[in-house]
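S.K.: Protein sequence lines, in the order shown, are assigned to chains A and B.
For what it's worth, our numbering labels the leading residue of the first sequence as 1, then goes sequentially.
For what it's worth, our numbering labels the leading residue of the second sequence as 1, then goes sequentially.
Please note: incorrect hints may appear among the correct ones.
[Stated by the list, open to error] Only pairs whose alpha carbons sit at most 20 angstroms apart, straight line, appear in this in silico EDC-like list of lysine to aspartate or glutamate:
1) K282(A) with D394(A)
2) K91(B) with D332(A)
3) K301(A) with D394(A)
4) K91(B) with E321(A)
5) K445(A) with D360(A)
6) K91(B) with D356(A)
7) K59(A) with E57(B)
8) K23(A) with D7(B)
9) K88(B) with D394(A)
10) K254(A) with E21(B)
11) K88(B) with E39(A)
12) K91(B) with D360(A)
13) K282(A) with D408(A)
[Stated by the list, open to error] Sample of chain A residues facing chain B (criterion: CB under 8 angstroms; computed from the structure):
14) G309
15) H411
16) M420
Worth flagging that the hints you see were computed from the coordinates, not collected in a lab.
Glycine is no exception: its CB is placed at the ideal position from the N, C-alpha and C atoms.
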Amino acid sequence: MTSQNVIEIIYLVASALFILSLKWMSSPASARHGVWAGEIGMLLAVAGTLLSRGIVDYKWIAIALVLGSGIGIPLGMVQMTAVPQRTALSHAFGAFCVTVVGAAEFYLSTPRVPPFKMAVLSLEVILGGLTFTGSLMAAGKLQEILPQRPLTYKGQNFVNFLLFAGAVGIAVSLVLHPGMAHLFPFMIAIALVFGVLLVIPIGGADMPTVISLLNAYAGLSAAAMGFVLDNKLLIIAGALDGSSGLILSVIMSKAMNRSFTNVLFGAFGQVQASTAGVQEAKPVRSATAEEAAGILAAANKVVVVPGYGMAVAQAQHKVRELYDALSKRGVDVRFAIHPVAGRMPGHMNVLLAEADIPYDRLIEMDEINGDFPQTDVALVIGANDVTNPAARSDASSPIYGMPILDVDKAHTVMVIKRSMSPGFAGIDNPLYYLDHTLMLFGDAKAFVNSIVHELTGGHS
Amino acid sequence: MGSTLIDGLFVFMLAAFIGFEVIRRVSPLLHTPLMSLTNALDAIAVVGAIVLVGRHESKLAFILGVLAVIAATSNIVGGFLITDRMLKMFKSSRPTKP
Numbered sequence: 001m002t003s004q005n006v007i008e009i010i011y012l013v014a015s016a017l018f019i020l021s022l023k024w025m026s027s028p029a030s031a032r033h034g035v036w037a038g039e040i041g042m043l044l045a046v047a048g049t050l051l052s053r054g055i056v057d058y059k060w061i062a063i064a065l066v067l068g069s070g071i072g073i074p075l076g077m078v079q080m081t082a083v084p085q086r087t088a089l090s091h092a093f094g095a096f097c098v099t100v101v102g103a104a105e106f107y108l109s110t111p112r113v114p115p116f117k118m119a120v121l122s123l124e125v126i127l128g129g130l131t132f133t134g135s136l137m138a139a140g141k142l143q144e145i146l147p148q149r150p151l152t153y154k155g156q157n158f159v160n161f162l163l164f165a166g167a168v169g170i171a172v173s174l175v176l177h178p179g180m181a182h183l184f185p186f187m188i189a190i191a192l193v194f195g196v197l198l199v200i201p202i203g204g205a206d207m208p209t210v211i212s213l214l215n216a217y218a219g220l221s222a223a224a225m226g227f228v229l230d231n232k233l234l235i236i237a238g239a240l241d242g243s244s245g246l247i248l249s250v251i252m253s254k255a256m257n258r259s260f261t262n263v264l265f266g267a268f269g270q271v272q273a274s275t276a277g278v279q280e281a282k283p284v285r286s287a288t289a290e291e292a293a294g295i296l297a298a299a300n301k302v303v304v305v306p307g308y309g310m311a312v313a314q315a316q317h318k319v320r321e322l323y324d325a326l327s328k329r330g331v332d333v334r335f336a337i338h339p340v341a342g343r344m345p346g347h348m349n350v351l352l353a354e355a356d357i358p359y360d361r362l363i364e365m366d367e368i369n370g371d372f373p374q375t376d377v378a379l380v381i382g383a384n385d386v387t388n389p390a391a392r393s394d395a396s397s398p399i400y401g402m403p404i405l406d407v408d409k410a411h412t413v414m415v416i417k418r419s420m421s422p423g424f425a426g427i428d429n430p431l432y433y434l435d436h437t438l439m440l441f442g443d444a445k446a447f448v449n450s451i452v453h454e455l456t457g458g459h460s
Numbered sequence: 001m002g003s004t005l006i007d008g009l010f011v012f013m014l015a016a017f018i019g020f021e022v023i024r025r026v027s028p029l030l031h032t033p034l035m036s037l038t039n040a041l042d043a044i045a046v047v048g049a050i051v052l053v054g055r056h057e058s059k060l061a062f063i064l065g066v067l068a069v070i071a072a073t074s075n076i077v078g079g080f081l082i083t084d085r086m087l088k089m090f091k092s093s094r095p096t097k098p
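In isolation and in its complexed conformation, chain B is listed as follows (with noise of 0.2 angstroms):
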């Protein structure tokens, strides 16, 4: 347990330092696509879904790994989807238009 505690707490750490920084800087304009998108990216809980799945270990852990995919693949794609669809509507009046 030791070490890799240790290294998941220092990972954990300096993520959150990123991700602090990182999305201070993400425009006000752009919160809403930002909580799909991470959404979307927190969906990545999907690998120890699939695993629990593709091991079927247990026919608990199957069933429930089954429907933890099928969860995390909504938010992936739909997360992932409705987040371009918001950012394509953001245009400029910079550029002359046609």
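Isolated chain A, as found in the complex (with noise of 0.2 angstroms):
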């Protein structure tokens, strides 16, 4: 048997443990086997590569690999709260990567290079050019190094639309020439203002479809990648990342009501700032810390909402106190998880497990929602569009259509927020005015934590 069939025996085996990776995510019971499957798959893979035909340089693969993981330990320990940045930086690193392969595949094969790997080299860096640019503006964004707001101009569609035909034109002449190789890194320079451009107008809120449409596109680039090569195991990771993105995208657009283009072309924020500043003041009732904690500790069931806001105040920790003292208590508490809470799909159920509350109390939308015509007490904690009733009934709001936890059903509404002010979106919510809703305000962690202060009756 020749080495290079040894090697495709061992990328076999690896395309097979990657799979079953990741079919272990399906339960957090089995998930960790899922990462190991991955990492055998992963390192089989590496080694059988270094047995490759016409390897001579050992030495700066070693080196390369120890700067790289150089790098990789300090982006694996980062906190949770920013796991969507350090997502959106991997999914760069990794389109800079295929970006650069491809780049050099190309110089070390042209002027003939056959018309298919043209063509699919070129859909290689133009999807890994734009992945990266996009991706490197969603981690700033992200980071809050750069502004959340969609940064729209006119005629913006139409500018981007010129740029991506400039490169799919490019493509085409070097696949029909090509001997034309000066034109390749215009391709690589257009592709890269093109990421960027396609993620400015794009608001903060929306960046949980952006962060998955990117994974989708890190994915196809690096299966094109694998055509280039004629690497299957390649193909196979990039279709299995290529459909996991495209998934989540799909999850991530309906749970906010949006389609991809709408994201894509919409700029999301603006919309909403004319419709925001037109309501008067209306009555909404408060209560005190105290009052908070006599209802519920009087409760049966409690299902507490929280959204990003909770984990930008750092009060996750404390809301596992709050759970604990109710639990203690025989209060039956769950937690409402919106598919958009956090900034990255499932980004909410990671911080509220870093707290040590048990996923089996974090309930999908579409499982509680019958439930809270049962429930005594719904306790929002920083989230606000994701429990707007007019979402279900005003036709002339803006979030009309998107799903959301029904909170108002529940026999008492508890919101913990600063003030009046409207929310992320800038949409006015009805939800604060009901007979049955009460204003807490203040910020979220200090007031659970005198909630639970209350409920332990002053220890602690």
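Combine the two chains into a complex, taking the hints into account.
M.R.: In structure tokens form, the structure reads like this:
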């Protein structure tokens, strides 16, 4: 058996391990096995690759692997609130790798690049290039280095379309005339600019969809690279990553009642700015921590609705104390998780798991919505738009049609909020003016702390 | 070109279907670790970069290859690390705690 055959068999085993790895992610009980399967597959694939014919320089491979690990370890140790920007950054790194490998392959084989190879190579570097800069932009917005609000200008979509058409045009010319190598850098440059312009008009609220979409692009560019190198393991890994990103994008856009095109071309945050300022002051009922603690202690079933505001206030651990104090009194406490509660798909679950809240208490929106009418208290902490009943009833509302958590159906609603100012998307929330809603004004962390204080009778 | 292209397309099509079926079953609870895991797996692109570095066919390809290996390795190491850290935090309330 030649070494090439041995490598192919190793890649085959690695592909199977990658699929198992994702399969084991189906439940938290087996998920860590999934990570191990992935790690073993990766080690096998890298070790097998070192057997490839023609490899002479092992020293630099080792140096690069060590340097990469040195960057990877701190990136693996970031705080859980920073996971979305870390994920965006790693999409950028992955796309960077794919793009530069594509460029190297081009310059190694130009001017004799077969048409099909040139076509997938163009796809690889265009997708890779736009994912690289697009992900960097997304990471910058999430890290709040760049402005979160959407930046739009007249004719934006037209400019983007022209750029994209330009890149595709160069790709076609290169397929037809592989000798025009001087055009290749322009194709990459256009893809890089296009990535920046694609993410600039997208607001902070749409980041969960954008991250998922960039994930899909990163996967597809890796699959294209697999076609260029005729490497089936890469095609498989890219297809798996691409379908994962696509599924998550669909879930995220559904959760926000938006279509892909709407996210990419809509510049969400703008529409609401005009509708925000038109309400007059309406009366609300408010309560103190003492009163809130009394109501919670008397309840049988409590559903906590956490939003990203809770994480911003670093209140997760106090919420865990509240969960403990209420559970000790025999109150059934569960958490209602909206798909876009965090900054990326599933983010809120991770933040609550980090605070040691058992995952079987974290209930998805579709599962818990039917239970709100039998819920004594719904406690909203740092969430706003995902609880807005206008999404169900008010056809003129910008979020009309968006699936929400039906907290207004609970017997009592309590909302912890700093003030009456409208939320992230700038939309007024009729929930706050209902007769059975109590507003708890204050900082989430401090307020939950005072409730816990009341419940535990002043200890701790 | 002919048969390798067609083979590749078959592999891609099958893998995409398996991906859809497998990932559809992933609990929404774990969507964040899922994304960091697929990110690490996607960094398998490192194999292409390793070959570029190892063969040292031109100065440009070599330098680009070294950069690509660094970027991909940081995704592999960082991706697996953070996925495992996240999954470790997910605990059930059912098994009684000592």
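S.K.: Look at each hint and say if it fits the structure.
M.R.: Now the hints, each set against the structure:
1. A distance of roughly 18 angstroms separates the Cα atoms of K282(A) and D394(A); the hinted pair therefore holds under the 20 angstroms criterion.
2. Our distance criterion of 20 angstroms between C-alpha atoms is met by K91(B) and D332(A), whose separation comes to about 18 angstroms.
3. This hinted pair does not check out: K301(A) and D394(A) have alpha carbons roughly 29 angstroms apart, beyond 20 angstroms.
4. Restraint check: the Cα-Cα separation between K91(B) and E321(A) comes to about 16 angstroms, which is no more than 20 angstroms; the hinted pair holds.
5. At roughly 24 angstroms between alpha-carbon atoms, K445(A) and D360(A) are farther apart than 20 angstroms, so this suggested pair is violated.
6. With a C-alpha separation of about 7 angstroms, the suggested pair K91(B) and D356(A) falls inside the 20 angstroms cut-off, and the hint holds.
7. This hinted pair checks out: K59(A) and E57(B) have alpha carbons roughly 15 angstroms apart, not beyond 20 angstroms.
8. Between K23(A) and D7(B) the CA atoms are separated by roughly 24 angstroms; this puts the pair beyond 20 angstroms, and the hint is violated.
9. For the proposed pair K88(B) and D394(A), the alpha carbon gap of about 43 angstroms is over 20 angstroms, so the pair is violated.
10. Between K254(A) and E21(B) the CA atoms are separated by roughly 19 angstroms; this keeps the pair inside 20 angstroms, and the hint holds.
11. Distance restraint check for K88(B) and E39(A): the Cα-Cα separation of roughly 16 angstroms lies within the 20 angstroms cut-off, and the hinted pair is therefore satisfied.
12. About 8 angstroms separates the Cα atoms of K91(B) and D360(A), which keeps this hinted pair within 20 angstroms; it holds.
13. Using a Cα cut-off of 20 angstroms, the hinted pair K282(A) and D408(A) holds, with the two alpha carbons roughly 17 angstroms apart.
14. Violation of the interface hint for G309(A) is found here, the shortest Cβ-Cβ separation to chain B being roughly 18 angstroms, above the 8 angstroms cut-off.
15. Against a cut-off of 8 angstroms between C-beta atoms, the interface hint on H411(A) is violated, since the closest Cβ of chain B lies about 25 angstroms away.
16. Interface hint at M420(A): violated, since its Cβ lies 32 angstroms from the closest Cβ of chain B, which is beyond the 8 angstroms cut-off.
Against the hints set out earlier in the document, violations occur for numbers 3, 5, 8, 9, 14, 15, 16.
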